[in-house]
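Start from chain Z and add chains S and R according to the hints.
Chains as they are written, first to last, in this note's numbering: chain Z, 1 to 190; chain S, 191 to 380; chain R, 381 to 638.
The hints are simulated quantities; they were obtained by calculation from the structure and are not laboratory data. Since the model is a prediction, treat every value here as computed from it, not as a measurement. The reader is advised that the hints may include incorrect statements.
Unchecked claim - No farther apart than 27 Å at their CA atoms in a straight line, the calculated lysine-lysine pairs in the DSS-like style are these:
no. : chain 1 : residue 1 : chain 2 : residue 2
1   : Z       : Lys117    : S       : Lys237
2   : S       : Lys292    : R       : Lys482
3   : Z       : Lys84     : R       : Lys507
4   : R       : Lys507    : S       : Lys307
5   : R       : Lys539    : S       : Lys332
6   : S       : Lys237    : Z       : Lys69
7   : Z       : Lys117    : S       : Lys292
What the hints assert, rightly or not - Short, incomplete list of chain R residues facing chain Z, as computed with Cβ under 10 Å:
no. : residue
8   : Lys529
9   : Ser536
10  : Ile630
Cβ coordinates follow ideal geometry from the N, Cα and C atoms, glycine included.
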Amino acid sequence: MEIKLVEAQLEAILFTMGEAVELDRLALAIDHDEDTTRKILQCMMDKYDDESRGIQIIELDGAYQLCTKASMYETIVKITHIPKKHILTDVLLETLSIIAYKQPITRLQIEAIRGVKSDHPINKLLEYNLICELGRMDAPGKPILFGTTEEFLRCFGLQSLDLLPAINPEKLEDFKLQAEEEAEQLTLDI
Amino acid sequence: MEIKLVEAQLEAILFTMGEAVELDRLALAIDHDEDTTRKILQCMMDKYDDESRGIQIIELDGAYQLCTKASMYETIVKITHIPKKHILTDVLLETLSIIAYKQPITRLQIEAIRGVKSDHPINKLLEYNLICELGRMDAPGKPILFGTTEEFLRCFGLQSLDLLPAINPEKLEDFKLQAEEEAEQLTLDI
Amino acid sequence: MSIPVKLEAFEGPLDLLLHLIDKNKINIYDIPIVEITEQYLDYIKQMEEKNMEIMSEFLVMAATLINIKSRMLLPAPATEEEEEIDPRQELVDRLLEYKMYKYVSDQLRDKQEDASRVMFKSPTIPKEIADFKEDIDVSELIGDLTLSKLHEIFTSIVKRQSDKIDPIRSKFGKIEQEEFDLSDIFTQIQEYGIEHKIFYFRNLLEKQSTKMEIIVTFLGILELIKLGRIKIEQEQLFDDIRITYLASDIITMEEAGF
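One chain only, chain Z, in its complex shape (with noise of 0.2 Å):
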């Protein structure tokens, strides 16, 4: 049946563009004239209304909009409130481990190190807050200089900082200049 068909379409544009889309936008795409689309729109909310359905159609100043319906806010919360397991694989470890011993560092010298493109450990430890950015280097391309933060040394208690390369300004400025001497030898090896 043809107005199914048109149902459908109004359904899939109105959830492709997540915003509010005008009535005569809607009624070029779907090849009717604004009346008829108007009327088609109505229809699909009596049908939204339907207590199955989590989403509905609502109407702002003459254009037309998908969205869950307020009954559901409680469930969304809850959904967003189950916390994602978050864990430390050893892609993200052997990465954390280099940045921890090496830091400062760049993305390219770590991908030097690993053998192997490192963006989505490098911010996967970002988002989990285990390393931050410390500055960006002086060389081309200004590349930022990762390390770990004060909440991962937190974590690993202060008795145990020693073990790590302490950064202190002085430190990061000697690192900073034996990083760009590596950087130098980077690009020549390439």
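Leaving out everything else, chains S and R in the frame of chain Z:
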């Protein structure tokens, strides 16, 4: 009816989250066990099949995600610009196929099949998040093992790795039969 | 014979080989090695690209083809009951496997084409909900990981890295243009000869020498013997070679007629 409410909740969750949500998290959010949750989702998927619906629920390796139906593509293109996905070159696709079918696999194993160095395609596939590191092989040199990601399943419309296009056994049989026939005629045509 | 297809179009040595097999409409199991080898070498000759890394992979395949060719030309060693193993078998297996992956990658391409018609939606979690997303508990994440464990992991990475460096091959370095010009070395040996009259081959290689340098120097010595400008003696096998410079002037390679 309670079941209707649960369906509404699941729809709201999937709509809000946008990305794929694992079965165990969905189950926790709606206070049901995973088996029941799976059955409800299955039932919802059937309902979404109706021709008046423009969206569908897809399963990706035990996670569920809401998306438009493929048949809605032309209509959506009419109203909005759809960003081009990464176009995979032959090299990337070939490398990705080998990884998909042979995972977990090391770089050297990939190179042995392709007969050519493969750092570049591997790094590109990592960048596109189509493959990931699975860890390291317990062998000399501890080489990195690669495998495909959820994004890979999504990009190729696969529910799980089991549903990779089968390497057509008939085709292989054909090859073998051909070879046997020819082996009889095989002369050392130097 | 003109070859219209650019070599760069091939993904690798197997790809080129498959192309040739396709082009000649022959079965993988029955590759006429001689013809294919010749065509293959033709392609490599067209290779203008100076990328030695890529080039070397094609050359390895060429060497494999030539190896198979020569094994097929040689009479097979008499074996009792064992069936004769076709020297092409290994190549056939590799080609078949490669071909199969090319075949499935076509299927995957279609799948991707279909799947790209499906649209997703980005998350629309209300801001106030997203905001009270709890922080990740770092100490829980770290769990029973200790610094010494972390150190252990780091050490093993460092160790792995040094293991990776092949002590012999790492000295080969990259494939580069020959740095040692025979005519330069030719002159240098004579200069050394005039100064020292009697010396040892080892003396010529006092600095850390590369394999290539040794070879070129040795070639220089051979040329000078041929010209009668030096005399060499070696007491025993593997003894250092004693060189006596007989001439009293220096000639260039051009003058010597090379």
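Against the structure, the hints come out as follows:
1. Z:Lys117 x S:Lys237: Given that 27 Å is the threshold and the Cα spacing comes to 43 Å, the pair is violated.
2. S:Lys292 x R:Lys482: It holds: about 14 Å lies between the C-alpha atoms, which stays within 27 Å.
3. Z:Lys84 x R:Lys507: holds, 19 Å
4. R:Lys507 x S:Lys307: violated, 47 Å
5. R:Lys539 x S:Lys332: Roughly 11 Å separates the two Cα atoms, so the pair holds.
6. S:Lys237 x Z:Lys69: Between Lys237 (chain S) and Lys69 (chain Z) the Cα gap is close to 19 Å, so the pair holds against 27 Å.
7. Z:Lys117 x S:Lys292: Holds - the C-alpha atoms of Lys292 (chain S) and Lys117 (chain Z) are around 21 Å apart, at most 27 Å.
8. Lys529: Lys529 (chain R) check passes; min Cβ-Cβ to chain Z is 8 Å, inside 10 Å.
9. Ser536: OK, holds: Ser536 (chain R) within 10 Å of chain Z, min 9 Å.
10. Ile630: violated, 38 Å
Figure legend: structure checked against the earlier numbered hints; hints not met, in rising order: 1, 4, 10.
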